[in-house]
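Engineer: Since the structure of chain A is provided, determine the placement of chains B, C and D on it from the hints.
There are 4 protein chains.
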Amino acid sequence: MKRIRCPIHNHILLDERAEELVDAPEFQRLRRVHQLGMTNLVYPGANHTRFEHSLGVYELARRVVEHTEMDRTNGELAGALPIAALLHDLGHGPFSHISERLIGPHEGLVLKMLRSGRIGEVLSEKGVDVDLIQRILSDEDPASEIVSSAIDVDKIDYLLRDAHYTGVSSSVDLGRLINIMIFDEGLKFRERGMSAIESLLVTRFLMFPMVYLHHATRCAEEMLLRAMEFGISESVMTVEQMTLMDDMELVIRLWDDGDVSAEIARRLFERRLYKVAFEERFDPALAALDDVVIRKIETEITSDAGLNAGDVIVDISRFPESNLDGIRMVTEEGERRLEELSSLSGYLASAERDYWRLYVFTDRQNSEAVEKASGGSFEAFKTG
Amino acid sequence: MKRIRCPIHNHILLDERAEELVDAPEFQRLRRVHQLGMTNLVYPGANHTRFEHSLGVYELARRVVEHTEMDRTNGELAGALPIAALLHDLGHGPFSHISERLIGPHEGLVLKMLRSGRIGEVLSEKGVDVDLIQRILSDEDPASEIVSSAIDVDKIDYLLRDAHYTGVSSSVDLGRLINIMIFDEGLKFRERGMSAIESLLVTRFLMFPMVYLHHATRCAEEMLLRAMEFGISESVMTVEQMTLMDDMELVIRLWDDGDVSAEIARRLFERRLYKVAFEERFDPALAALDDVVIRKIETEITSDAGLNAGDVIVDISRFPESNLDGIRMVTEEGERRLEELSSLSGYLASAERDYWRLYVFTDRQNSEAVEKASGGSFEAFKTG
Amino acid sequence: MKRIRCPIHNHILLDERAEELVDAPEFQRLRRVHQLGMTNLVYPGANHTRFEHSLGVYELARRVVEHTEMDRTNGELAGALPIAALLHDLGHGPFSHISERLIGPHEGLVLKMLRSGRIGEVLSEKGVDVDLIQRILSDEDPASEIVSSAIDVDKIDYLLRDAHYTGVSSSVDLGRLINIMIFDEGLKFRERGMSAIESLLVTRFLMFPMVYLHHATRCAEEMLLRAMEFGISESVMTVEQMTLMDDMELVIRLWDDGDVSAEIARRLFERRLYKVAFEERFDPALAALDDVVIRKIETEITSDAGLNAGDVIVDISRFPESNLDGIRMVTEEGERRLEELSSLSGYLASAERDYWRLYVFTDRQNSEAVEKASGGSFEAFKTG
Amino acid sequence: MKRIRCPIHNHILLDERAEELVDAPEFQRLRRVHQLGMTNLVYPGANHTRFEHSLGVYELARRVVEHTEMDRTNGELAGALPIAALLHDLGHGPFSHISERLIGPHEGLVLKMLRSGRIGEVLSEKGVDVDLIQRILSDEDPASEIVSSAIDVDKIDYLLRDAHYTGVSSSVDLGRLINIMIFDEGLKFRERGMSAIESLLVTRFLMFPMVYLHHATRCAEEMLLRAMEFGISESVMTVEQMTLMDDMELVIRLWDDGDVSAEIARRLFERRLYKVAFEERFDPALAALDDVVIRKIETEITSDAGLNAGDVIVDISRFPESNLDGIRMVTEEGERRLEELSSLSGYLASAERDYWRLYVFTDRQNSEAVEKASGGSFEAFKTG
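Chains as they are written, first to last, in our numbering: chain A, 837 to 1220; chain B, 837 to 1220; chain C, 837 to 1220; chain D, 837 to 1220.
Just so you know, the hints here were simulated from the structure itself, not pulled from any lab data.
Ideal placement from N, C-alpha and C gives every residue a C-beta, glycine not left out.
Take the hints with a grain of salt, since some may be wrong.
Stated by the list, open to error - Selected chain B positions facing chain C (in silico; Cβ < 7 Å): (1) P861; (2) Q864; (3) G881; (4) N883; (5) F887; (6) G1003; (7) R1103; (8) F1118; (9) L1122; (10) D1126; (11) G1212; (12) F1214; (13) A1216.
In isolation and in its complexed conformation, chain A is listed as follows (with noise of 0.2 Å):
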């Protein structure tokens, strides 16, 4: 087993198969997908990437392995979760999140990955079921739940590694919630710990205003959607190419050969950010808005402020679903659902509202205009 160092699980321990799908060159590449695209312009210390939380995923994977004794029980599946959970993230294209709005969902990308290239070719090899690896993958099997589900290894993972980068505080308690763990037709947790699970389930939803959410992060990242946009159409590059790319290469293509795509790109990389123009607090109707609304109602500030393409941004906070009911607790008196147990579990999706937002920005000079023209817009479309 080779030994690699970890700053959150200590030490990651990989197997001869692991070890060899790390070395292909389409993980290798996860070394330069930031985990939390830009965001380290806000967090400097946030630069972890995509391949270490996928080395912590597999690591997780493997210690959820052990502790229910998965080998006795099913030693396939015991066998092939790790390796999922390896292999999770390698869909990501440049900048996680921000590419993916243009690409489609990264978990589509993986499943074609399995068969092709250096990892497909190490997955034959090892004689690894690779058709079990791609129902976990797709949701299709009970295991599925480890590594893709409202508490699973993945969220476990980025909770604690974002922690530890960005240098905000929170609190998941790792062993205890591997130690609550059944697996018995999908993943189970014993009621015994459920401060464990309302605390991940907590500092989950802390990171949003703190990190994940912040103002100047969110407008970083739609900037570089724009410029994402503007570099498809100004040919610098097609949306499959992009699938391939770096974080850097992206930056770089667009820098090169890029005009109004190459403007934003060096705004970016020079920290000079829109502000926040304006902004409006939860409401129900604004919240329910989506994308193509909220294009429109930009291109109408645009104008209004007598602006250009680009020049304006709108923005609202976009919370991502969490399915917590699915949660099963195994308690004294029979297996129940989390928001049986824990009030706190159902509170929490509506104090998402406290932290919603919705941002205009603009540069700096534009700031006056562009607060005038938004004046108005949103009026319209608040509930009634």
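Structural biologist: For chains B, C and D alone, kept in the frame of chain A given last:
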């Protein structure tokens, strides 16, 4: 300035007044009063004391004074506040909150100590404004909120400290909490750091099921309370004498001179705790029962099970009231109460119900009899 | 397996045998013996106990057994070693190393306890091989090196633990130390992790000036030793009785029944420590003085200064011998002794001299007289 | 004051001058220069950058100014020192120390940047004393020792930071180090905290074998150096152009336009590193070989093994000189040099030999040929 090493705050900086107060025997006694009563029977690391906690609260008050530049606006208060913080727990009897149920609130005792003994002498020699200290400790000064309110330096210190010594993971962003404090006719907080406040409140919320209300701690502490009561009725000591004892002195007195009290004390120190014979989840009427009624039920169960006084303990979870309304936030649109901005803070009180329990404890050998006797005892008291 | 939370190792996993041994009153007594004697007078967080340390050493032994897969090669030993680790400190009297100077080595007492009392009962009921435990604890088995040698699980635990509770920063790479252990006719280490060994040795080296030999701790502990001696000569207790006491019981007995011993005990608990009146840096002849000679000099200084027995304390730093020769390293070129590979390890013993001190302590009011009386007292003993 | 979150120092407090300097494109470029070159190929968490390190060094300098109350004694210097600290690494080329071997010392480049570009503009607009900054950064001011000497804020920051991101345990007592600093015609330290200094020095010593001189890092960095050299000879770029690149730009330029350089760059980014084919332990004559001789031997081995330029790399450990003599300690008996008080500090230089290695690296398939070719190559150079 004297520097004392602290695992929580790195260093405590004592000025000359604080140093002499710490040297007073009344303060040195706090070295021998555990911060968390008998919690070390469950978390073996929880041997920390009121002494180090008091130093920590002093240090935090000192940092708040520094951060708010209080010496510019109110030099008197800037001088008095850390001293008030230092002394706030001086009135704790042995095992803190357990003896408090017989002695009465520790806050009253502190006030007497300000004007007598070595503490009184030092305060007077050093020209400290004792009236102001008294007002701060009696909630009669706007600055009282810094030492004792829904979010205060006392709570911040004990949450950080209890987590460090129990090994429970928790999340308190000390730097940010102090950074958003504003002192302006009481303690207020800038909205920008609201997530740090929510994080503190949730951390505290989760410490109840994990630590403060752990069933074995509850059991041990109720057993100790019975030992104290027997100790008094067996004339081992008076309540007044107990007030001045420290943890171990109390136990040794009971061992030496007590009868039933000695027996219970010995059980505790050999960790032969009672076990849970019966339990109920939250019911509003049960939760509203007062001590007198509970003791009455306890007596009935004891007798129904054919046992002797002290053999059965009935205990219900008691969450402290926390007046979250009182928290004032400073937003761009003016002052608001926390609850207007933070849904989460509003939910926590009701979420406590999930962890509420009624326990009936007894020795393992009496378990069956007590379970049977408990069966119907609570039905009549439940919400129709 | 019972899980106990530990701030150092996260969790302690007790098997049934360990759980019953921990429940024995002899073991529970360790809850009331501080790990670091009176160090909490200097580092207020240092209230940790032999109880939690013993659990920690057990846990580390358990992990070493797991890592070396000892159950495959020697099942008997794999079962016995963690139990031996658990019990290794059972013979400590009140304030550990201080009473040891009157009682004699604690290692001897443990051996008796293996075959008597509740510990003896449990070991016999559970079919533990007591002879093997005894051999391990008497340095008569190759596995003794895991529990007690230059690098052992005892040291690893106490260095990590003492740092956690004092707040001193230190560096012990637990995961790596265990990872490079090989059990093969004693404990050996892989050369690849030599830096982890050097780091441990230096951490230990630096704990002496920072914590273990801090002048105020030395002073307090020497005062306590005098209190114990007076307590015995004043018939407060016999040495045998003292052996079974815990820290606070000892102090309360002295308070209640002692004369000079009560006075010193009270000084200690009100932290009215003697101060340094005189000090010398390292001199080989001074460092070689034995206790009898030092006491003789102490008596002379006391009398020269016109004071009474107990008013003056002479103390010299005593670094424990550490047999670093014994450490065996496994390299690609075969087995080597640590000192052949690590110059640093060879230097540490002589580097201790930098921190060596001879102190003469007395009450502040006698400082001048004692300083004067000390002046010439050591010249005659110094290296020509 | 702007606050930036930092996982190492909790918060960085930027004044207005610092904020504008940080916003300069020259400074933003440091976001894209890794602190530890290619170390992330071995420690996947080591993605931290010169940007955050520079902020950290600024923050520490600010704290030293605060601690030494420098604004009272020398207001000019108190203002300039943190700015000098902030800018000290501005001259680093891509992959820091690797490109430095072709570009020349980064310290020279910084000086030019002080009087040109956006940095020059801001310094002049804000009325910063550029001459003083220049003197500090050229070791011509007594305060230079705070930024660059045997113990300085640069080292303190990078040791803490490198440990945090690699996950290596290390021990630097930041609070105490700053607390014992005295500024009085240069930087001095109070003897009372000597153990904190020794701890820092040992931490640094141990980082060399664990991180900075790890064989795989050494190999990767030597491969990259070859790629840069080929890149220049293949006219991909000039040395001047390289100076202004960041890490990824360099690599992408090599990929796009290089020949052999592109091949090596691709190997590096797919982590197909050479392996150790041959190694030697310390020999004083080998350690004294200069780069020219080593390259000559490298060429001979390459040719003996029938390989091409670039296929074989010879590398010897180079520990940086550390002028520990220079450290001045303030004792009760007057000023002393560290080496008079601390034997350990004197030993460290010679202890480095234990970790000294000469490596010959090559592709796995050439291993045998290269090992054979290396065999006799070094005998002639060894100490008779």
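Engineer: Hint by hint, say whether it matches the structure.
Structural biologist: Taking the hints in turn, this is what the structure says about them:
1. P861: Since chain C brings a Cβ to about 5 Å from B:P861, closer than 7 Å, the hint holds.
2. Q864: holds, 5 Å
3. G881: holds, 5 Å
4. N883: Constraint on B:N883 satisfied, holds at 4 Å.
5. F887: holds, 6 Å
6. G1003: Status holds, d = 3 Å.
7. R1103: violated, 11 Å
8. F1118: violated, 26 Å
9. L1122: Violated: closest Cβ of chain C sits about 29 Å from B:L1122, beyond 7 Å.
10. D1126: Cβ of B:D1126 sits 33 Å from chain C, so the hint is violated.
11. G1212: violated, 33 Å
12. F1214: violated, 30 Å
13. A1216: violated, 38 Å
Hint compliance for this structure: hints 7, 8, 9, 10, 11, 12, 13 are broken, all remaining hints hold.
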